[in-house]
Amino acid sequence: KAGVTQTPRYLIKTRGQQVTLSCSPISGHRSVSWYQQTPGQGLQFLFEYFSETQRNKGNFPGRFSGRQFSNSRSEMNVSTLELGDSALYLCASSKTRENTEAFFGQGTRLTVV
Amino acid sequence: DQQVKQNSPSLSVQEGRISILNCDYTNSMFDYFLWYKKYPAEGPTFLISISSIKDKNEDGRFTVFLNKSAKHLSLHIVPSQPGDSAVYFCAASARGGGADGLTFGKGTHLIIQP
Chain A
1371 KAGVTQTPRY LIKTRGQQVT LSCSPISGHR SVSWYQQTPG QGLQFLFEYF
1421 SETQRNKGNF PGRFSGRQFS NSRSEMNVST LELGDSALYL CASSKTRENT
1471 EAFFGQGTRL TVV
Chain B
-5 DQQVKQNSPS LSVQEGRISI LNCDYTNSMF DYFLWYKKYP AEGPTFLISI
45 SSIKDKNEDG RFTVFLNKSA KHLSLHIVPS QPGDSAVYFC AASARGGGAD
95 GLTFGKGTHL IIQP
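Heads up: the sequence lines are chains A and B, in that order.
Count the first sequence with this note's numbering and you get residues 1371 to 1483, in order.
Count the second sequence with this note's numbering and you get residues -5 to 108, in order.
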């Protein structure tokens, strides 16, 4: 079966712009989480969505937001981009909310210039 | 404050020998642990997991050991193969509602030498 699909794979944006990233989870998976990976901080949890509701949020500013649709697909939005937002953004899906065996997509590499 | 620590940034092991990757955690609410393998420019790939009600889980060449009293887990790869060269992440979760997602260590770069 198809894995977690993230689009686009690569993105270059200018400071101050906003960006939307997309994630399609594995079929049948209802929980979608987003993570940011940077060389200095490693993998950090952004937020989790389940049944179209944000259930958990990590320690990131309000410029980072997301949503989940009825088909479990999720989008993540970052507004007023800063240079420090350059990172690999990873989406993970799992069947339930219990964070067991979350499967990751290949990520979106965002570069802010 | 790092709740999940992988103290070895890198580890070099000869092909065919055993690779042992270590992970320590501080949060006693964690009760489910996972190991992921990651190649550059790709997302992490799930390897193996263990619940806190167990102390060992085995899947082929991969075995994870959990020592709850020491808040320590380890991943054993036997025998090590060249394709095992990658960055390995330890992750922890407090299951049930209110979990803050997976908490990851910073990774250990495993290098398998021929």
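Since the hints were derived computationally from the structure, they do not count as laboratory data.
Take these hints with a grain of salt, some might be off.
Capping the alpha-carbon separation at 30 Å, the derived lysine-lysine pairs in DSS-like fashion look like this [said to hold, decoys possible]: (1) B:K65 with A:K1383; (2) A:K1383 with B:K62; (3) A:K1383 with B:K50; (4) B:K100 with A:K1427; (5) B:K62 with B:K48; (6) A:K1383 with B:K48.
Covered stretches of chain A, going by a simulated chain B footprint (3 or more residues, C-beta under 8 Å) [claimed, not checked]: (7) 1395 to 1403; (8) 1442 to 1452.
Label pairs and their in silico Cβ distance ranges [to be verified]: (9) B:Q(-4) with A:T1466: 22 to 28 Å; (10) B:N1 with A:T1384: 26 to 32 Å; (11) A:T1466 with B:G54: 21 to 27 Å; (12) A:T1408 with B:S68: 33 to 39 Å.
Think of the CB as a built atom: it goes at the ideal place given N, C-alpha and C, for glycine as much as any other residue.
_Broken hints, by number_ = 1, 2, 3, 6, 7, 8, 10, 12
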